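Asks: Residues per chain, in single letters:
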Amino acid sequence: MTRIYISRDSGALAVGAESVAKRFEREATERGLDLEIVRTGSRGMYWLEPLVEVETDQGRVGYGPVKASEVGTLIDEGILAAKSHKKCIGVVDEYPWFKNQTRLTFARVGITDPRSLKDYQAHGGYAGLKRAIEAGPDAIIEQVLTSGLRGRGGAGFPTGIKWRTVADTPPQQKYIVCNADEGDSGTFADRMIMEGDPFVLIEGMTIAGIAVGATYGYIYVRSEYPHSIEALRAAIDAARAAGFLGTNVAGSGYAYDMEVREGAGAYVCGEETSLLDSVEGKRGEVRAKPPLPAHVGLFGQPTIINNVLSLATVPIIMDRGGEFYRDFGMGRSRGTMPIQLAGNLKYGGLYETAFGITLGELVDEIGGGTKSGRPVRAVQVGGPLGAYFPRSLFDTPFDYEAFAAADGLIGHGGVVVFDDTVDMAQQAHFAMEFCAIESCGKCTPCRIGSARGMEVIDKIIANDNRAANLEILEDLCNTMKLGSLCALGGFAPYPVMSALTHFPEDFGAEKKRLEDAAE
Amino acid sequence: MPKYETWAPERASEIIAQHQDQKGATLPILHALQEVFGYVPLAAEPLIADALNITRAEVHGCVTFYHDFRREPPGRRTLKICLAESCQASGGRALAKRAKEKLGVEMGGTTADARVTLEPVYCLGLCHSSPAAMLDKDVYAALDAERLDELLKEAQS
Ligand SMILES: Cc1cc2nc3c(=O)[nH]c(=O)nc-3n(C[C@H](O)[C@H](O)[C@H](O)COP(=O)(O)O)c2cc1C
Ligand code: SF4
Ligand code: FES
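Residue numbers (our numbering), protein chains in the order written: chain A, 402 to 920; chain B, 110 to 266.
It should be emphasised that the hints constitute simulated quantities derived from the structure, not laboratory data. Zero decoy hints are in this set.
Computed far set for chain A versus chain B, every beta-carbon distance over 10 Å:
#: 1; residue: Lys531
#: 2; residue: Asp539
#: 3; residue: Ala639
#: 4; residue: Ala643
#: 5; residue: Gly722
#: 6; residue: Arg727
#: 7; residue: Thr797
#: 8; residue: Gly891
#: 9; residue: Glu906
Distance windows between CB atoms, simulated:
#: 10; chain 1: B; residue 1: Gly218; chain 2: A; residue 2: Gly537; range: 55 to 61 Å
#: 11; chain 1: A; residue 1: Gln574; chain 2: B; residue 2: Asp258; range: 49 to 55 Å
#: 12; chain 1: A; residue 1: Lys519; chain 2: B; residue 2: Pro111; range: 32 to 38 Å
#: 13; chain 1: B; residue 1: Asp247; chain 2: A; residue 2: Gly769; range: 26 to 32 Å
#: 14; chain 1: A; residue 1: Glu802; chain 2: B; residue 2: Gly218; range: 44 to 50 Å
Note that this is a predicted model, so its numbers are computed, not measured. Built from N, CA and C at the ideal position, the CB exists for glycine as well.
Take these sequences, add in the hints, and give me the full structure.
Replies: Next up, the structure:
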């Protein structure tokens, strides 16, 4: 029997993985081959998708990108016997782009069948929960604190401290909420976990529940991710059927269960308090803090709200120990970060590595420079509220504090690369436009300021009173920074000001506007 | 391929009843209604308000807050084109322009033959292979003009 692996991650489906798998099935039937096709998550090397991996004694040998129309020929040419071929990348685990990573959170993604609880357990799954149950709530929180894990959703708040706060509230109904709104452009790591290893998120949330005494959890997934929603629901059912969710989790006596809730296309619902209101069935307006969600959260009860990656990293911390995790990284950024390489890049995908790698290494070496073959001009890190970096800042290490010092943020770890055809005034305009579209409307600087910002940038672009308008823009940005309740209005000035600071030539009179930039 | 049912209050009440017992049922109900009818008409709001024992204003506020919920019937199929930064960096703006021209609609519009609704979307989580689009619930990435044209054809078929 021959076993091959093909991803069912939506990034692979989006470039034809489903028809490739179907074609293999058909060929196998027609040729009478004994072929097993296992559907996995993605390895994260998306330029190679659809990637077909053939199991051998040496490991899985990869071929990609494979088109459905060439499956027959590839079989003729012997790929099921792992023969060499121009589309062969060798043993996937040995492929440098993959091998050089430190995959802790993503240890199983692309390798296991995300629908199979058995496969999950065969690859170390639920080892963390076992230890967590043995250790008990206090020791769990101790390990998370030791690991130095900081929230991967954007703000970088220490996860252990958040958990301690909820654990310290008196016993009552408490909740675990997973933030899977992943709205930042350039990010897809949450999606890859939910589609490629959903059990690890369920396990992480279960451990969180035991740690703080919460018996119920919600995963709030954006509606743009139908495949993630389906994968999670299937995994939750499987975990429950096997006794890993319910009134007596894995025979421990602890109760914990959970469900998926679907978002509805509002970026601001990624903000934690807005998300809680949304789960409650209301408009997703941002709440003033205090009270913290840890004290008064979902349905008024103490609540942990964490990003997918934060929660999915907990099982390995419990399994290997907080110190093991803490020993990766630099400064106050401990462990690894699943970095997402996006935009105009040759090698776009997921690269998990210890903190400390520089932006230049990520873009020029690992990302391979632009797909268009033109020079890299600007890189936006951390989503639509993150700063644009010029090449001169490429020595900035991937680290929360280093990025903050450069007036930027690493946010959820998305890196979006632009080549030299980018018009930075247009990008600044978009930052304001996005803020205007997505503002929850609660504060004036955000709601009105962003619309005003678009007008002012239009005037600057049209060379209408440029000097005065540049001053107004700067003023406006400061007002938004200081007068906004949440980071949507508060951080939208970062992409704007960074564009202005690092690329002033794009805001100058002489600049010829690109024809198709009108849209 | 979605072919939506025509609005029918009894059917709506049935759907609402299926979802109303969970906590925070508003969004699940709105999604379920839109799944069946393609949109959430004004006439649905009092039904939801009654079932959940909240005010019509609250329901209305909710429907209008979220970009997903449509107030008008859409075309048979919905094509969403990503307009966010990673796709901008990879030719997404030109693709969006092409889609608008070929369909003869603006973003948010529905073709005259009611076959296709064109909508903007801000990131599909496929930025590793920008530009990206979504036709109903199917995803497409690494698009170029040629693949977009195929997609438009599929959407119009
Ligand atoms: C406008 C806005 C959007 C946000 N979107 C997300 C998101 O999509 N996913 C996420 O995990 N955090 C998002 N956050 C951050 C959350 O408010 C919060 O910090 C996070 O969920 C906490 O989890 P963590 O500590 O594990 O990062 C957003 C914040 C703001 C202000
Ligand atoms: S800054 Fe904007 S999104 Fe945030 S609370 Fe204020 S109005 Fe709402
Ligand atoms: S920005 Fe278009 S898919 Fe993410």
